[in-house]
Structure formats: C-alpha cells, structure tokens
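A.B. asks: Model the full structure from these sequences, guided by the hints.
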Amino acid sequence: MAHHLVIVESPAKARTINKYLGKDFEVMASYGHVRDLIAKEGAVDPSRDFAMQYSLVERNAKQVDAIAKATRRADSVYLATDPDREGEAISWHLLELLRERGVLDDKPVHRVVFYEITQDAIRDAIDHPRGLSDDLVDAQQARRALDYLVGFNLSPLLWRKITSGLSAGRVQSPALRMIVEREKEIEAFVPQEYWSIEADLNSAGTDFTGRLQQLDGEKVEQFTINNGETAESASRRILAAAGADASAAPGEQLADEARGELRVTRVEKKQRRRNPAAPFITSTLQQEASRKLRFSAQQTMRIAQQLYEGVDTGNGTVGLITYMRTDSVNLSQEAIQGLRSLIEARFGKDKLPASPNQYRTRAKNAQEAHEGIRPTDPERQPELLKGHLSDDQYRLYDLIWKRTVACQMIHATIDTVSVDLAAGSTASFRATGSTIRDPGFMAVYKEDGDDRAADASERILPPLEEGDQIPLLALRPEQHFTEPPPRYSEASLVRTLEEYGIGRPSTYASIISTLQARNYVTLENRRFKPTDTGRVVTKFLTEHFDRYVDYEFTARLEDRLDAISRGESEWVPVLREFWDPFHERVEEKQQVSRGEVMKARELGTDPESGRPVTARLGRYGPFVQIGTREDEEKPRFASLRPGQSIDTIGLDEALALFTLPRDLGTTPEGLPLSVNIGRFGPYVRFGDQFASLKKDDDPYTIERDRALELVEEKKENIARRTIQSFDDGALTVMKGRFGPYVTDGRKRAKVPKDREAESLTRDECQALVDEAPEPKGRGGKRKTATKRRGGSSSRRQSAGS
0 MAHHLVIVES
10 PAKARTINKY
20 LGKDFEVMAS
30 YGHVRDLIAK
40 EGAVDPSRDF
50 AMQYSLVERN
60 AKQVDAIAKA
70 TRRADSVYLA
80 TDPDREGEAI
90 SWHLLELLRE
100 RGVLDDKPVH
110 RVVFYEITQD
120 AIRDAIDHPR
130 GLSDDLVDAQ
140 QARRALDYLV
150 GFNLSPLLWR
160 KITSGLSAGR
170 VQSPALRMIV
180 EREKEIEAFV
190 PQEYWSIEAD
200 LNSAGTDFTG
210 RLQQLDGEKV
220 EQFTINNGET
230 AESASRRILA
240 AAGADASAAP
250 GEQLADEARG
260 ELRVTRVEKK
270 QRRRNPAAPF
280 ITSTLQQEAS
290 RKLRFSAQQT
300 MRIAQQLYEG
310 VDTGNGTVGL
320 ITYMRTDSVN
330 LSQEAIQGLR
340 SLIEARFGKD
350 KLPASPNQYR
360 TRAKNAQEAH
370 EGIRPTDPER
380 QPELLKGHLS
390 DDQYRLYDLI
400 WKRTVACQMI
410 HATIDTVSVD
420 LAAGSTASFR
430 ATGSTIRDPG
440 FMAVYKEDGD
450 DRAADASERI
460 LPPLEEGDQI
470 PLLALRPEQH
480 FTEPPPRYSE
490 ASLVRTLEEY
500 GIGRPSTYAS
510 IISTLQARNY
520 VTLENRRFKP
530 TDTGRVVTKF
540 LTEHFDRYVD
550 YEFTARLEDR
560 LDAISRGESE
570 WVPVLREFWD
580 PFHERVEEKQ
590 QVSRGEVMKA
600 RELGTDPESG
610 RPVTARLGRY
620 GPFVQIGTRE
630 DEEKPRFASL
640 RPGQSIDTIG
650 LDEALALFTL
660 PRDLGTTPEG
670 LPLSVNIGRF
680 GPYVRFGDQF
690 ASLKKDDDPY
700 TIERDRALEL
710 VEEKKENIAR
720 RTIQSFDDGA
730 LTVMKGRFGP
740 YVTDGRKRAK
750 VPKDREAESL
760 TRDECQALVD
770 EAPEPKGRGG
780 KRKTATKRRG
790 GSSSRRQSAG
800 S
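Numbering (numbering that gives the first Met the number 0), first residue to last: 0 to 800.
Any given hint could be a false lead.
As the list claims (entries may be wrong) - Below, computed lysine-lysine pairings styled on PhoX-like, alpha-carbon distance capped at 25 Å:
1) Lys-350 <-> Lys-401
2) Lys-61 <-> Lys-106
3) Lys-746 <-> Lys-714
4) Lys-538 <-> Lys-528
5) Lys-713 <-> Lys-734
6) Lys-18 <-> Lys-385
7) Lys-714 <-> Lys-734
8) Lys-106 <-> Lys-22
9) Lys-291 <-> Lys-401
10) Lys-39 <-> Lys-588
11) Lys-734 <-> Lys-528
12) Lys-713 <-> Lys-694
13) Lys-218 <-> Lys-183
14) Lys-734 <-> Lys-693
15) Lys-291 <-> Lys-269
16) Lys-68 <-> Lys-106
17) Lys-401 <-> Lys-385
18) Lys-538 <-> Lys-598
19) Lys-22 <-> Lys-68
20) Lys-291 <-> Lys-528
21) Lys-746 <-> Lys-734
22) Lys-39 <-> Lys-61
23) Lys-713 <-> Lys-746
24) Lys-752 <-> Lys-734
Hint data in this document are derived by calculation from the structure and do not stem from the laboratory.
C.D. replies: Next up, the structure:
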C-alpha cells in the first residue's frame with residue numbers, strides 16, 4: 000500500500016487536511032519557516048553573487064527531524080505550504096534540508112497548493128501537482144536578501160549615530176516617513192476661518208434646508224465669506240432680497256409677519272446607481288476590519304488564518320474562507336454560481352444581475368490563479384455558524400460573507416432631487432434630497448460611502464415646482480475653521496501604502512507592529528503619532544539616505560522584485576543594481592558625526608542663569624537641557640512629559656520642567672515632603688522613603704493632600720509587609736516576593752532558611768546587612784554609598800552623555 004507524506008505549514012491546517020486525505024496519506028506541519036539567514040554579518044555575500052548562508056530555525060529543529068524521519072518511510076512527498084512566494088520558499092528550504100539529510104533517494108516530490116481547505120479543493124490539488132517555481136523562490140530570496148542587507152547595514156549606523164536598539168527597514172522606513180511627514184503637516188497647519196449660510200425653509204408642512212450657492216452672481220466658494228462681518232452683511236442683504244425683516248439678528252427664527260420667501264428656479268430629478276465593491280483582498284479586508292470591527296491589521300490576519308485553516312462546524316473541521324493573502328479580486332466560476340444560487344433563493348431573482356459582476360484586479364503582480372477572499376461555501380451563512388465560532392471569528396466571517404454575497408448582487412438605485420431657490424437677484428440656495436428606490440446589494444453590505452448614501456434617504460424634500468414661493472423661516476450664518484489632515488489610522492496607512500505600491504499584502508501587519516515595537520510610533524485614539532525617536536530616525540534617513548526612503552524608489556523596487564516572480568528579471572542583477580550605490584552611501588555616511596545627527600534644537604535662554612536651553616534625544620528618551628558641557632557649572636537636565644516633543648516644545652514649557660523637585664512642605668510627623676521624577680517614574684519623597692505616583696497623578700500639579708494620601712498608602716503597605724523593626728525603622732525585617740529579607744533602606748540581605756524571620760535579633764539583622772553586597776547600579780556596577788540625588792536631575796546627567 001502506497002504511503003504519501005504531505006507537508007503543510009501549520010498544525011491546524013494539518014489536522015483539517017488529514018481528515019480529507021485518508022489512511023494512505025500522512026500530513027505533517029513544518030510550523031512555518033524551517034531555515035533562515037544566519038543571524039550575523041556575512042549571511043548575504045554581495046561579492047559572491049549574493050550567496051546566502053542559512054541555518055536551521057532552532058525552534059523547529061525537532062519538527063524537521065520528525066519530517067525527515069517520515070520522509071524515509073514515505074513513497075512520495077507533497078510540499079503543500081501556503082500558495083504565495085513565502086510558502087514557495089518554505090517548500091524549497093524543506094526540500095534542500097531533506098536532500099542534505101539524504102532521505103529523499105529517488106522519491107517523487109510534488110508541489111501542491113490549497114487556495115481553500117475543503118475536500119474537493121484538496122483532492123483536486125493532490126491530483127494536479129506541479130514542480131517548485133524557481134521564479135517565486137528567487138523572488139523571495141531576493142526580498143530576504145534585500146531586507147537583510149538594508150537592516151544589517153543601516154541599523155548599526157543608527158546605533159552609532161543615534162542610540163542603540165534602533166532598526167531600519169526597506170519598507171518600514173518609508174512607512175515611518177509617511178507618519179512623521181503627516182505629523183509635520185498637522186503641526187504646520189494654520190486654521191482658516193470660513194462661513195456658510197443656510198436657509199431654513201418649509202413647504203407643505205415639511206421642513207428642509209438650503210445652502211447658499213451664489214451671491215451677487217458669483218459662485219460661493221469655501222472662502223468667499225471668511226469673517227463674521229462679511230457673513231452678517233451678506234445675511235442682511237439676502238433677507239432684504241427675500242422680503243424678510245433685514246434687521247433680524249442672524250440665525251434668529253423669523254416671526255410670521257417678518258418672513259420672506261425664496262422662489263424655486265430649478266428642480267432637477269435624477270436616478271443614480273451605486274455598484275457593489277469588489278471581493279476582499281488582503282489590504283481591503285484589513286481596512287474594513289479596522290473601520291467596522293476595530294481590529295488591528297495583525298488581529299485581522301490572525302483570525303483570517305484560523306478561518307482559512309479550519310474550524311469545527313459541528314460536522315467536522317472545514318476551512319471557511321479562501322487563502323487570505325491575495326491581491327486578486329478574481330472569483331472562480333464555481334464560486335460565482337454558488338453565490339448566484341444563494342442570492343436568488345434568499346433575496347429573490349430581482350436582486351440578481353443578468354450576468355455575473357466582473358471586477359478588475361488593480362495590483363500589477365496579482366496572480367489570477369488566486370481568488371479574492373471569500374467563503375468556501377456561501378451556504379454556510381454566518382448565523383448558522385455562530386455557535387461554533389469565537390466572537391471575533393464570527394464577526395470577521397460575517398464581514399467576509401456579506402461583502403462576497405453583495406459583490407454579485409444588483410446595484411443600488413437612488414433617486415436624487417436638487418432644487419435651486421433664489422432670493423431676488425442677490426442670492427441662490429440649493430437644497431438636495433434623496434431616497435433609495437432599490438437598496439440592491441446594500442440590503443446585505445454597506446461600505447462607508449454606502450452608509451452615507453443610506454443616511455441621505457432621510458433628507459426628503461417636499462414636492463416642489465419651478466415658480467413656487469417658499470417661506471423663509473430663518474437664515475443661519477455659521478462660522479467654521481479648516482482642520483488639519485488627520486493622523487493615519489491602521490486602515491488609512493494600509494490604504495496609502497497600497498496606493499504608493501509600497502510593501503505587499505503579507506507585509507502590512509508586520510510593518511505596523513514593528514513600528515510600534517521599536518517605539519517609533521504610538522497609537523493614540525486609534526491614530527499613529529510619531530515618537531521623538533521615530534522623528535530623529537526619519538530625519539537621519541531622509542537627510543542621508545533620501546533615495547532609500549523615497550516612496551517612488553521603494554515602489555519601483557517592489558515592481559522589480561515582482562518581475563522576478565514572473566520570470567521577467569534575474570534576481571542577482573536586480574540586487575546588484577540596488578547594492579552597489581547603497582553600499583557606497585553607507586560607507587560615505589560612516590563619517591557623519593553623532594553631534595551632527597543629534598544636533599540639539601535651540602529653545603532660547605534661561606532667564607535665571609543666562610545659559611542656553613536645548614531639546615534633544617538621549618539614551619533614555621527626549622529631554623531638555625540648560626547649559627552646555629563646556630560651562631563651569633554642570634548642565635541641568637529634565638525629561639519631557641507625555642505628549643511633549645523635542646520638535647515642538649517651547650521655551651516656557653521647557654523651563655517649567657525644571658520646577659522639579661517640588662517642595663510640598665512636611666508630613667504631619669515633620670518629615671520633608673517633595674515630588675520628583677526618577678528612573679522608574681514620578682514619586683513622592685517623605686524623609687528617606689518614596690511612594691510612586693498613580694497613573695492620573697501629575698508631579699507638576701499634584702497637591703500636598705493628594706501626596707499625603709499616597710504616603711499613607713505606602714506606609715500601610717509597608718506595615719503589612721513588616722515583620723520586625725529596629726532603631727525606629729532604620730533596620731527592618733520585611734516580607735518579600737522571594738521570601739523574607741532584612742534591609743537598612745539601602746542594602747538587602749536574605750533571611751537564612753534555617754532561621755525564622757520573627758525571631759531574628761537586632762544584632763543578627765545588622766550582621767546580615769553588613770555582610771550583604773553593595774546594591775548594583777547601571778551596567779551591573781556596585782553602587783557606592785553616596786547621598787541619593789534627585790531622580791530627574793541625576794538620571795539626565797547620564798542621558799546627556
């Protein structure tokens with residue numbers, strides 16, 4: 000009896016597929032990547048045509064051993080990793096490892112791909128295998144080599160010129176540049192005032208609104224009326240032209256006898272169509288899941304992977320959606336017919352277009368063998384699966400199911416009415432309304448624009464004819480100010496990266512998570528804001544490596560890599576074209592001094608000392624400094640507060656940071672009471688003891704009463720943990736996380752296991768403390784017994800070095 004080995008990437012997929020293939024097949028998982036570049040310099044050697052040195056991924060070593068053992072007893076091997084470049088590369092690496100171990104002999108090796116994890120799709124793939132695609136493998140190798148070469152050359156440069164722990168990436172850095180440039184736009188934005196004028200009208204008992212469109216024969220643009228005086232003057236002239244009381248206050252409801260009239264000069268009725276959106280691709284799924292479900296890109300891809308690999312629906316495990324990494328909006332004919340059958344049965348034949356809706360794939364490199372992200376069987380309606388899915392799985396599946404069904408339904412039909420109304424020859428207003436005649440696909444799925452169209456159906460105008468005189472109830476001038484462009488959300492960042500052609504579907508989630516993990520950006524109210532570290536990195540790269548964070552250059556390079564996957568280009572020449580000028584630039588920039596890169600921002604002069612005040616980024620984050628290292632008196636340092644930036648902080652804000660430590664008087668016992676910021680955050684000091692501030696406490700504004708509350712909390716906590724106390728608390732035996740210990744406030748000594756902490760004498764405690772080692776400071780060095788200094792100042796003396 001033949002025995003076949005099938006290798007997939009994940010154990011979840013392996014379990015699902017195993018149920019479909021039967022006893023002649025053994026399905027094993029590689030658990031993702033099995034080899035990667037060695038983690039040191041020289042892993043890619045440009046002098047040898049970019050020869051790459053790989054090593055086994057340690058966490059998967061045991062699994063590779065098991066696969067090799069299973070290969071020995073198999074008659075044939077099916078490499079069934081994911082159907083993309085990365086999956087192709089994993090299959091290639093597996094094949095290389097199996098060859099190295101000599102377990103293949105002359106056994107046939109097949110490459111198969113599953114675009115959906117269903118019985119029919121799996122059997123069809125097994126029956127129609129192919130060989131490994133050298134083009135896809137080369138494309139993945141080229142991407143991996145490029146990412147390595149950029150990372151291993153730029154990152155050490157960032158460490159030397161800025162601070163340790165930083166990284167740069169081929170796609171990550173342009174994405175960070177986008178976020179930083181948007182923040183600069185926001186900071187440079189100057190609001191402009193403008194006014195709108197609306198007329199409140201009524202006809203046949205129906206209230207409606209018209210907006211000023213023309214004034215004195217000229218079209219009203221956004222800034223035509225840009226101040227209150229102009230708005231009031233225009234309003235009074237319009238009231239007079241309409242025969243209303245021109246002395247009425249702007250916005251005031253007009254009395255019956257004071258009302259004028261507007262004359263209907265044009266009524267236009269139109270019918271428009273709104274077509275359904277295409278099936279989801281990776282980027283649009285991430286965007287819609289972010290907007291509608293508030294999922295992160297990473298969360299979306301994780302849940303989609305679960306739905307693709309298989310969920311137990313009560314009748315066994317089955318993949319619920321097709322492969323979730325795709326640029327293609329193509330749907331198979333079988334899928335379209337299934338959707339059309341469901342639409343006719345569930346929503347009626349009138350909701351079915353005469354022929355299937357067709358969609359064009361925008362991505363240049365989309366592989367049409369791939370499909371858009373769709374349910375594997377549209378008859379598996381979300382409500383029928385709800386009991387078998389987690390809440391997040393259900394919500395994402397529901398989104399995918401609705402979008403897919405809607406894409407094969409008829410358009411929505413919307414009736415619109417536009418009416419122009421004149422106030423004599425002085426002004427013209429326009430009122431609009433619409434009703435949804437036939438919701439079509441919108442009965443199933445609405446995008447953001449569809450929601451607005453649906454809301455518009457509430458704006459219903461009364462029956463109006465040319466020549467009608469419509470009572471004017473009020474004229475309302477309203478002040479507005481232009482707003483800065485919004486910060487990027489996950490959805491808008493993914494959309495922008497896609498529009499520029501930067502990155503590919505499988506990379507968006509990792510790009511975003513890397514930016515956050517490196518502390519280059521923070522997510523505030525679901526919008527990205529660059530940190531000072533992110534700003535400094537972007538500044539360095541744009542000034543010294545401008546070409547490599549250029550959006551067009553990055554997109555062109557993506558196209559060249561895609562051409563490799565299509566067999567249109569060789570990978571070594573593409574890498575050579577990139578590497579030679581890049582390497583030359585790296586060597587050139589080694590000579591740039593750290594001082595030039597980290598040049599401090601001058602804020603002004605400290606009025607007390609006459610010394611300069613600067614803002615800069617240090618080892619422990621952003622800070623401001625009074626004075627220079629050349630001064631006779633040492634510089635003073637203070638950390639920036641949350642929300643402050645070295646690029647925007649002003650002199651007054653900076654000087655306010657030096658009000659710490661703040662003297663808050665004394666405790667009821669007469670101990671000095673003060674507040675400061677230390678290495679581990681803000682704290683209250685009472686005598687020689689410390690109490691941390693809570694999250695909502697501000698060290699710059701906290702009052703004495705609140706500080707005393709924190710002191711009492713700390714005392715109560717200490718009392719609960721205190722076993723014994725000597726010399727008025729100078730020497731104590733405490734309960735600790737890892738057992739009891741003795742402390743004099745500076746040194747700690749563990750209580751021996753053969754002694755009870757409660758029975759220790761004072762002399763024994765003192766002896767234990769005397770024998771204890773000095774506490775460690777930074778870098779593992781022992782602290783000397785010097786007087787403790789204020790947290791903010793002492794920390795920043797290191798930060799500025």
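A.B. asks: Please verify whether Lys-538 and Lys-528 have alpha carbons no more than 25 Å apart.
C.D. replies: holds (15 Å)
A.B. asks: Straight-line Cα separation of Lys-22 and Lys-68 no greater than 25 Å?
C.D. replies: holds (18 Å)
A.B. asks: Can the restraint linking Lys-68 and Lys-106 be considered satisfied, given a maximum Cα separation of 25 Å?
C.D. replies: Between Lys-68 and Lys-106 the Cα gap is close to 14 Å, so the pair holds against 25 Å.
A.B. asks: Regarding the pair Lys-61 and Lys-106, is the alpha-carbon distance no greater than 25 Å?
C.D. replies: holds (23 Å)
A.B. asks: For the pair we were handed, Lys-291 and Lys-269, check the Cα-Cα distance against 25 Å.
C.D. replies: violated (31 Å)
A.B. asks: Keeping to a limit of 25 Å between CA atoms, is the pair of Lys-350 and Lys-401 held or broken?
C.D. replies: The hint holds at about 14 Å.
A.B. asks: Hint check: Lys-713 vs Lys-694, CA-CA at most 25 Å. Holds or violated?
C.D. replies: With Cα atoms ~16 Å apart, Lys-713 and Lys-694 stay inside 25 Å; holds.
A.B. asks: Is the hinted pair Lys-734 and Lys-528 satisfied, with a Cα-Cα distance of at most 25 Å?
C.D. replies: violated (43 Å)
A.B. asks: Are the Cα atoms of Lys-752 and Lys-734 separated by 25 Å or less?
C.D. replies: Holds, at about 14 Å.
A.B. asks: Given the hinted pair Lys-746 and Lys-734, is their Cα-Cα distance within 25 Å?
C.D. replies: holds (15 Å)
A.B. asks: Hint check: Lys-734 vs Lys-693, CA-CA at most 25 Å. Holds or violated?
C.D. replies: Holds. Lys-734 to Lys-693 sits at ~23 Å (cutoff 25 Å).
A.B. asks: With a cut-off of 25 Å on the C-alpha distance, tell me whether Lys-39 and Lys-61 pass.
C.D. replies: Satisfied, since the Cα-Cα distance of roughly 23 Å is no more than 25 Å.
Of the hints listed earlier, those the structure fails to meet are numbers 11, 13 and 15, in rising order.
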